[in-house]
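Since the structure of chain A is provided, determine the placement of chain B on it from the hints.
Quick note, the sequences are listed as chains A and B, same order. Each residue of the first sequence is one higher than the one before, counting from 1 in our numbering. Each residue of the second sequence is one higher than the one before, counting from 433 in our numbering.
Where hints are given, some of them may not hold.
[Unchecked claim] Simulated coverage check for chain B against chain A, where a stretch passes if three residues somewhere in it have a Cβ under 8 Å from a Cβ of chain A:
no., segment
1, 469 to 475
2, 478 to 485
3, 501 to 508
4, 535 to 546
5, 670 to 680
6, 886 to 898
Calculated directly from the structure, the hints in this document are not laboratory data. Glycine included, every Cβ here is placed at the ideal spot set by N, Cα and C.
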Amino acid sequence: MPLEILPSRRGHAVVKESDPPVLPVCGQPTVPGVISERACAFYGARWVLAPIPDVIHLVHGPVGCAYYGRNVRRKGYRLFSTNLEERDVVFGAGEKLYRAILEACTLVPDARAVLVYATCVVGITGEDLPGICKRAARVVGRPVVPVNAPGFCGASQAAGHDIAARVLLEHFIGKEAGEPVENGVNLLGEFNVQGDLDEIEALLEQLGLKLICAISGRASVATMAQAHRARLNIVHCRRTGHFLAEGMREKFGIPYVKVSFFGIEETATALRVIGQFFGATEVEEVIAQGIRAAKVAAAPFLSKLGGKRVGLFFGASRIGSMAKAFKELGMDVVLAGSQFGCQEDYQEAGNKVASGTVLVDDAHERELLEFVTYRQPHLWVGGTKERFLMQKLGIPFLVFPQENDPFAGFRGFVNLARQAAGLVSAPVWRLT
Amino acid sequence: MRLKEIPIEGVPYDQLRIEKVPAAPAYQPRDPELVPAANRALVVNPDRICMPIGAMWAVLGVHRAIPFVQGAQGCTTYARYTFCRIFKEPATIATASFHEDAAVFGGRRNLVEGLRNLVVRYWPEVIGVVTTCSSEIMGDDIGSFLKEARARLRAEIGPEKAEQIALVQINTPSFAGSHVEGYDRAAKAFLQTLATKRDTPHDRVNIIPGLLYPGDIREIKHILREMGIEATILFDISDTLDAPLEPPQRIPYYPPGGTRLAEIKEMGNACATIALQADAGGSGAVYLGRKFGIPAVAGPTPVGVAATDALLQHLSRFTGRAIPATLRAERGRLVDAMADTFHHTMMKRVAIFGDPDIVAGVTRFVCELGMTPVAVAAGTFSKRFGQEVEAAFAAYRDLFLDTPKVFNGSDLFEFEEYLKTLPRLDLIIGNSKGVDIARELEVPLVRVGFPIYDRFGYQKRPIVGYRGAELLLYEIVNALLDYRYPDDRTQQL
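Chain A on its own, in the form it takes in the complex:
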């Protein structure tokens, strides 16, 4: 491989040459001094928990962490912070936190619970977060739950996902009584980016299934308390979902399946697996109908995409299925990588990409730059941080998680085709 790699990064980027492929080393701390694409554990926890609407999100730390945390997932909720200052750091801020919890509950009397997020500052000063939360909970009469995910813990934001999942499992899921719902399912690790969840729900409804709770795309305290009534858990994002699914299987005996709704074939497989579990008879018909409609609608875009090269770099458990979806668009996936993948993610991705594709974990800006100059992809898929740099190099960029329309399900596939075709053939690239 002609890429110039820091010695400490060897093994993190591999070219698929065999089946089964050699997998990149993953789950390691980032090399200091690089322009990392990773975020911190606090970010991961915020990403998972931010959409829960009927709780107070209280960030125990300096106001900056709280401010940034509000930008995660574009929700317009109120943001609460203890705004730690110098004297709090020196003398401790336990009492301040206690008072802040009480004040927040006075200002939002109908909130069902309080989530208290720890930040790096609190992680280092070593505040007794659980003790203070417990004391406050007795006074405010509702759960006050510490989310102990200071930024430096774990190798990447994935650590925050796990911590958040543990919090949900321990304090929110299955807290109310209720009989099992015969056709009830949960979606775990589905965040409802630009309506993905609605697409998936519509498909499930066609199979006669009822979505009880989607964590955390549609997860209020009330619906999570009922989540144990489902008969099957559907794991969409492995990073959050797997942990939750395992926990719910142990606690409530609910079986789970790991599927993906990105791309035609993956969606069809997902529906087959779920349909088989419930013995739904209409599955094949739903699939056939969906595929037919999607192929007709996507056809005008596919002609623009055939043979074009694409690089993928985003959240790990999506890269496998997205790589397959881009193949269905007729594109060659030249790189599939992620900031925070685990072994299973790369296993799945490795099986789904063609020989010669680069698999990379935790690539930083310089590595990505070298890669694109070397392979000249026609499209790059990833997050906002990389977007403007790639465009400066003349490479069209698709932001994923997406900004406009859902990409999940059969109709989402058409949206993906439209976006990709529009971007690679954008007039701006004829003018440069």
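For chain B alone, coordinates are given in the frame of chain A:
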């Protein structure tokens, strides 16, 4: 505040909009004890970010410079997101990548190894080492770490190359201040580390722009050009964060422009320093004054007629250059536009929030437009803010319909709750964080200040100088017209 018809039948008003203006009978006021920020341990919807991001902003304005953030990855990632969203440009910021081991044993290894890795992959000319909460609490001795890092670089890449790379240490514990102070500290740190005095002073002027956008800095450059003044702008983000798209680019990618290292070293020889924002960058001007005896002024942000006049007079006084006819004509055009639009702006009640320097500048300008600033709020506490806005009020108080309320270092919750108690409000001027408030109160929002990320092009539109003020004026007037006279059938002229 005009209340619209309730669009959904059969839904009680209080259920439709829970947090509504007090005009509705079912409005439940907040616990009045907890509305003032000073009474709370809690901050709700803050209007300030952390100190490191101000320092990163500054470093990104230096040619071939990269900020190195001595902290966990989030401290870098969040800032990169923020810059990308505001400027729609790449932001190259390195992370020290703190993990548990760093939290326990300190960040020495991360800094020494990190600087080495950064240098061999990017070959920057300047590295701004920006500290964070965690690094400050652990008590990283950055000074000695930097010596060690320098020694390692010397051994690895040779002493000559290693000495060429300037390392600037900027201490920014986030819990001790906001982004405004971060920028301020960066300005001082750069000048302390790099500026030197030779025996031959020249007639260049130092400009420290503060947290102004590329469009603003371009406007300042235009003024300097018109006056024939040579100047060093520290930190010049006008090209680094507004770069042209010209593929193919070389890698590693460095944007064009930025203040040159050689220029910063020369700043000790300038004839004067003007910090356009007293709170963001003023310390740098004060430092040069004390150390090298260079005359300095700090603020006000040149928004509007009087403040821009003041800037031109300072420039003229320091350099002996006359104010040219072209700039006088620009002033004339601004005043002409103010006369044209005055019947729309006069007696309008406006609320302004944001960073203290910007709010003070905009407040003076809206007073010049005959508007009444009913509430002005600085998200970051500033010692000067109160005096500055009071000075602006003093000249126009006879025209005010209400007494202005001044918030210094409060949060947006307190600001919003106060606005809800007012009988009438026409306009809000502030950053993107004001969208919710404007929607809630059903008044237009004019976007000014930091950060604006939900609309395009604002980073390129100046608000400083006569031309910037004219553009801002049009935006204010058009926002009012859009709201009151949405199409030509409702226009009387």
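Hint check:
| no. | hint | result |
| --- | --- | --- |
| 1 | 469 to 475 | holds (count 4) |
| 2 | 478 to 485 | holds (count 7) |
| 3 | 501 to 508 | holds (count 6) |
| 4 | 535 to 546 | holds (count 6) |
| 5 | 670 to 680 | holds (count 5) |
| 6 | 886 to 898 | violated (count 0) |
In the structure shown, a violation is registered for the earlier hint numbered 6 alone.
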